[in-house]
Amino acid sequence: MTFPGLLKKMRDEQKINAGQAGLLLDLYERRIIPVHRELRFFLYFGVLLIVAGAGLTIRQYFIHLGDIAIIASLTLCCAAAFVYCFWKGSPFSRREVTSPSIAFDYVLFFGCALFSMDIAYVEMQFHILGDGWKNYLLISFALFIFLAYRFDNRLVLSLALSTLAAWFGFSLASRRFFSFSEYYRVYAIIYALIVMGMGILTNRVAVKKHFFDIYFNFAVHFLCIALIAGVAEYKILSLYFPALLITCVGLAFYSARVRKFIYMLYAVIYGYLGVSIVAVDWIHRETFLIFAYFIVTSLLVIGFIFKMSRQFREDQ
Amino acid sequence: MNFCLYSSLQEEYIDIRRQVRTWLRSGLISEDQMQAFFGETDPGLYQTNLFFRVLFFVFTLLCACAVTGLFVWLMEKAGNKILAMVVLFFGIFYFILSEHLVKMRRLYRYGIEEALLMAGMVCFVVSFLLWINNYHLNHKTISIAVCLLFSVISGLIYLRFGYLYAAVISLAAVCIIPYQLSLPPVAERVILFCVLCSIFIFSLIADKRENENFRKERYTKMQTCLLVAIYLTVNLQIPGLAWLFIVEKGNIHDLSKIYPQYLYWISYVLTFLIPAAGILWGIKSRKRLVLNAGLVVACATLATNKSYLGMTRYAWDPAILGIVLVVLSIMVHRWLDSGPEQKKQGFTAVNLLKPEDRGISLGDAAAAMTAGAIADQQPGVKQDSFFEDGKSGGGGASRHF
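Going down the list, the protein sequences come from chains E and Z.
Everything in the first sequence is counted per the numbering used here, starting at 1 for the first residue and increasing by one.
Everything in the second sequence is counted per the numbering used here, starting at 1 for the first residue and increasing by one.
The hints are simulated quantities; they were obtained by calculation from the structure and are not laboratory data.
Misleading hints may appear alongside valid ones.
[Said to hold, decoys possible] The list that follows gives simulated cross-link-like pairs (lysine to aspartate or glutamate, EDC-like), each with its CA atoms no further than 16 Å apart:
hint: 1; chain 1: E; residue 1: Lys-209; chain 2: Z; residue 2: Asp-357
hint: 2; chain 1: E; residue 1: Lys-260; chain 2: Z; residue 2: Glu-99
hint: 3; chain 1: E; residue 1: Lys-8; chain 2: E; residue 2: Asp-26
hint: 4; chain 1: E; residue 1: Lys-8; chain 2: E; residue 2: Glu-29
Quantities reported herein were computed from a predicted structural model and do not represent experimental measurements.
Sequences are here, hints too, so could you generate the full structure?
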């Protein structure tokens, strides 16, 4: 049966009304094409390009432009963005709030990015905070968290959490993420626990519960990568291995409970990686056993996922 | 004769179900109405969600590689011909197994059969390489043969199983062939352009008005890929643009000297015509993906315009492009909103169809990257010695942590 035929049948059986049938047929036959996502994408991409352009300009021409011009223009732009958001923004609500306009979220994000740039530049040039110079990241983090909750902005929340990560010493410039030393490994675990704690707390007090996934994603990746780095160094002879196993089992249970299977993906991949590092180290130089290990374990994982996929078929 | 393992009706029902899920998510229908749709459109196939599919794919591929690797290791000393036979046997076995899973177990995009097909394809090519190794052919001939083999096998996989990425692999393999012929750069580009245009025209002929919806969607996706491939072939400055992100230098080679003047300027004109044609065709034929691809390559044209004209690049160029994009997006949004029922020519800026919430989106990830990128862009930041000497890149400054 074709879709128009199916719609007619369902309309005759009064399972859908005429208005719905018309709209669904228009969407199916592409007589109506929503371009909301495309417009949002180009707005976001545009904002990212503006931020990148501003950053490159400052980096390349800061001597010619002068401190006052740079700081004044950045401050003016981010202040304008924040004023616009407070002026146009909806009142605070503990629940999800719809943006007043398509550009609103990106204006706030733009303001926050420029604020970051501004405060980093001021600190770099004038060393206001002295030895505690890194704390400007904490100031940014606090402001971004406040703004993310005030205006219900996921992008700014992500920016806030990555700013906190930068305060802990993690940034894009660090290219040796998987092999980081004990020092950074511990910081990654502390960071993950703090972020997880914040997520659980805000979820418990029912403030912007829809933000929980962002907290959870940040925490899971930092925690699992740190634990895997620990397992890679100490193998089975440390707390990293049982901690990784407990984390992955917990993640799998959580995934099954809330029916969000992205966490199952994380649990299986990180768990398998950790176990394989230990197992391959154990069966060192025994090529046959290494092949056998991968054949048997991958079949076991396929069997496990197959069982899970059948169990949750109604969600698929 | 239908070469595909799935019937048109099954694919049509799966397409309807996919759209019905989107409508439920967007609040256009109720749960009961979705169940009513599902009751009428049972494709008789098993599907799984994206994450399980990825897991099935990864672990089946791992298993297939381990099994083949084990046998190759056991028969290492048997010689190339025997090894080629063993690997070929596994290639055939994986293809038969994936057919069996689809026919008997009725799997549809489950990850397992897809990984088996990919493993089978690689086994075929490896077996061919092992076999051909005895004939001491030159590198060029082997490269061309491998590309052709990849192209043919993945093309057959596409026809049999309908995986679009198999068609893309096939296309990519075809695109590599002209670069293996040791031709002048002009000839390489012209041949590639002609091949891609021929496939594009063929896809246009096959894309008939009376086709089922799922087939139209599939052709649209292929045409989008082809449009982008044609654009990348035509735009001579794209490699320079990509290089710019790595070394922050302008024109690495003066391309106007490598290519003849007439070809250089024809390519310049085409970099404007292709996006324009893509956008217009996307709007006219109501192909959203083609429209999006047209807009993206239009951005690429604006980004490479200065390189074409030999003009100096400035640090603020991305910001200007960004401002243009923001202004255009807002203008288009307002224009669409001003129409009757917030619609103009069937296009609407209203958020009618909501995407699936997967916890974290690419946008969130990009926002998270921004903090690090901003810190790294500060003047005087030394990036390479971040962890080694205890300095913090997160702060962006180069003082001690």
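Hints and how they fare:
no.: 1; hint: E/Lys-209 - Z/Asp-357; verdict: 14 Å, holds
no.: 2; hint: E/Lys-260 - Z/Glu-99; verdict: 30 Å, violated
no.: 3; hint: E/Lys-8 - E/Asp-26; verdict: 14 Å, holds
no.: 4; hint: E/Lys-8 - E/Glu-29; verdict: 15 Å, holds
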